[in-house]
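Protein chains: 2
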Amino acid sequence: MSEKRAEQSGEERLIDRLFRPIAKHPGAFSLMDDAAAIAPPAGHDLILTVDAVISGVHFLPDDPADAVAKKALRVNLSDLAAKGAAPLGALLSLSVPENTGDDWLESFARGLGEDCNAFECPLLGGDMTRTPGALTISITALGSVPSGTMVRRRGARAGDLIVVTGTVGDAALGLRLRRAPDDSVMAKLDDAAKEHLRNRYLLPRPRLALAATLREHVSAAMDVSDGLVGDLAKLAAVSGVHASIDAARVPLSAAARAAVGADDRLIDTVLTGGDDYEIVATVPENRLEPFRAAATKTGNEVTTIGRIEAGEGTTVIGPGGHPIDLKQASFSHF
Amino acid sequence: MSEKRAEQSGEERLIDRLFRPIAKHPGAFSLMDDAAAIAPPAGHDLILTVDAVISGVHFLPDDPADAVAKKALRVNLSDLAAKGAAPLGALLSLSVPENTGDDWLESFARGLGEDCNAFECPLLGGDMTRTPGALTISITALGSVPSGTMVRRRGARAGDLIVVTGTVGDAALGLRLRRAPDDSVMAKLDDAAKEHLRNRYLLPRPRLALAATLREHVSAAMDVSDGLVGDLAKLAAVSGVHASIDAARVPLSAAARAAVGADDRLIDTVLTGGDDYEIVATVPENRLEPFRAAATKTGNEVTTIGRIEAGEGTTVIGPGGHPIDLKQASFSHF
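Those protein sequence lines, which keep their order, are chains A and B. In this text, residue positions in the first sequence follow our numbering: the first is 1, and each later residue adds one. In this text, residue positions in the second sequence follow our numbering: the first is 1, and each later residue adds one.
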């Protein structure tokens, strides 16, 4: 006979120490089962989204691990917000290279736990594995909406106004600053502006507080992840309409204004760079003021940037009415 | 003014051509939205599981792409089966290295589509991105059980019998054969035996037909992915009991018997190697015959291999009552 104690593997010990404390939902079974079980709220649809973030692609290898965890969760929460959904929970698939230290994993788990609490999105389960490749975090987020009320991309109609939350372009400029901190244009920004742009790249702010307001007022919405113009073009295409926006009306932060002021070619980066995680939506004209008022009550400022028309395609009116030659409407991996 | 046609990005074209045809569920919105929406069946719990498979870790780089897709889905369906759940759908997170050809992606999508149909598990949504690292497929599978009936790992009681479906060790031997085809022991196997073992590594067979029977009869269950002994040890630990199995009773295929006959040290590989995707369960003694009869009706043979006792830890009785010195009870990434 051979005795085998129920020794924990390295994998189990790590999960035990790092992730069990943040898997507080009873249906997560303390991560000690093969699957999670949740009872979605009656009369609601389940909203599902998955996004991976990969080292060297979606974040920089020297980004702090806690911020990486938060970004991985938040890009998914941003999708839920744009669909009008409230979070129910998340599943984590974490693929870790051999040379990743325990410090990194500890910081990652701490960041994830903080955001799971902050956004009331409990960790329900996951998978942790070694990879010979790049550190990869794939998160599946689950949310809910009252049955049949998910806010779609499809739904924009001629006459609707195009609105966007917050400010656009900060994250793309922040990434540029991270990659080329000594760039002559970026060097003209003051430290506070640089810090603002860098933070906007590092940490998206999902507009979850706006979810119910979107359900009530907008005809279509999506989150801006691949660039405002390209994402709006997707929304217009699937809605079978033409979208026209006025670049001068696109809301910029003081930092982004300073950057574009220093080199007006950066408007291209602002409009197409992506990583904004703001929400672009279309609103029937007679709903605009109620929508704006309700949004403001939730702490979310919205700006009208254009209009939906019959037809197809997307038009960008440049500052002063001049055309902007956008090199590429949005980021694409392929 | 600058006109931007709603041109599809490379990413959209690929998704359009490869994955849209297999995303038939209405709540997948033809993959043209940010999220999927499904209405889980009333009176049911939602069962959630995620597992990643990575090139060079969970499959070999020269495995056929359609089989890789099927494996990625099936390892998750195996978890659902072990929990007594019926599939509702799946989300795919696919991270693809630059050098992956369109042929590979086409074959991958075809394989995934075939299995989504075969297992009635529609593709609900996903994410596709480039990676500088290894090809990584992370699938989140959703299933359902009548409320409160998920089969847990925790639940085994002293006196319960330990059963396992199908045969154990084939996949681990198949992997060994793939890695060292000229190994002197493996060389003694005939072609049919080699083919059997290789196929069992390549393509797990999730025991979904057994799900309802598990819910009705067993006290605890899990799927065997990291090795029979190690996985059983996890089940025993979380149930607070001792598990004792008789190695001689562990069901082997003819091919595995031939391999162990050629070198009896391979029993270690059989018992701890993993990738079986069979189900190990504990059954109250008076439920054994009804369970076995019901399982047989679903086309699943089950074999009694041991017994749960009071205490803790896991005991393996070797062939002829001799001890087996298992080097490592199960596979661990960390």
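These are calculated hints, taken from the structure and not from any lab test. A portion of the hints provided could be inaccurate.
No distinction is drawn between identical chains; accordingly, a pair holds when it is met within one copy or between any pair of copies.
[What the hints assert, rightly or not] The calculated lysine to any residue pairs, modelled on SDA-like cross-linking and capped at a C-alpha distance of 20 Å, are:
1) K24 <-> G148
2) K24 <-> D62
3) K297 <-> T269
4) K194 <-> R215
5) K24 <-> P97
6) K297 <-> D268
7) K24 <-> E289
8) K297 <-> G318
9) K194 <-> P26
10) K24 <-> P251
11) K24 <-> R154
12) K24 <-> V238
13) K194 <-> G240
14) K194 <-> T100
15) K194 <-> D16
16) K188 <-> H44
17) K188 <-> E98
18) K297 <-> D190
These are the hints, each one checked on the structure:
For a Cα distance limit of 20 Å, the shortest separation of K24 from G148 across copies, 18 Å, qualifies, whereas the shortest one inside one copy, 29 Å, does not. Within a single copy, K24 and D62 get their C-alpha atoms no closer than 30 Å, and across copies no closer than 41 Å, so neither meets the 20 Å cut-off. Taking the closest pair of Cα atoms, K297 and T269 never come within 20 Å of each other, the shortest separation being 31 Å inside a single copy and 63 Å across copies. For the identical chains of this complex, K194 and R215 are neighbours neither inside a copy (35 Å) nor across copies (58 Å), given an alpha-carbon limit of 20 Å.
Neither within a single protomer nor between protomers do K24 and P97 lie at most 20 Å apart by alpha-carbon distance, with minima of 27 Å and 36 Å respectively. Proximity of K297 to D268 under the C-alpha cut-off of 20 Å is found in neither arrangement, the shortest distances being 32 Å within a copy and 64 Å between copies. For the homomeric pair K24 and E289, neither the shortest alpha-carbon distance inside one copy (40 Å) nor that between copies (38 Å) is at most 20 Å. For the homomeric pair K297 and G318, neither the shortest alpha-carbon distance inside one copy (32 Å) nor that between copies (70 Å) is at most 20 Å.
In this assembly of identical chains, K194 and P26 lie within 20 Å of each other by CA distance neither inside one copy nor across copies; the values are 43 Å within and 45 Å between. Taking the closest pair of Cα atoms, K24 and P251 never come within 20 Å of each other, the shortest separation being 39 Å inside a single copy and 39 Å across copies. Proximity of K24 to R154 under the C-alpha cut-off of 20 Å is restricted to the inter-copy arrangement: shortest distance 18 Å between copies versus 36 Å within a copy. In this assembly of identical chains, K24 and V238 lie within 20 Å of each other by CA distance solely across copies; the values are 17 Å between and 39 Å within a copy.
Taking the closest pair of Cα atoms, K194 and G240 never come within 20 Å of each other, the shortest separation being 39 Å inside a single copy and 55 Å across copies. Taking CA atoms no more than 20 Å apart as the test, K194 paired with T100 passes in neither setting, with 29 Å inside one copy and 38 Å between copies. Taking the shortest alpha-carbon separations for K194 and D16, neither the intra-copy value of 39 Å nor the inter-copy value of 39 Å comes in at or below 20 Å. In the homo-oligomer, the alpha carbons of K188 and H44 never lie at most 20 Å apart, since the shortest distance is 51 Å inside one protomer and 59 Å across protomers.
Taking CA atoms no more than 20 Å apart as the test, K188 paired with E98 passes in neither setting, with 40 Å inside one copy and 36 Å between copies. Proximity of K297 and D190 under a CA criterion of 20 Å is satisfied in neither setting, with 32 Å inside one chain copy and 74 Å between copies.
Taken one by one, the earlier hints fail for this structure at numbers 2, 3, 4, 5, 6, 7, 8, 9, 10, 13, 14, 15, 16, 17, 18, listed in ascending order.
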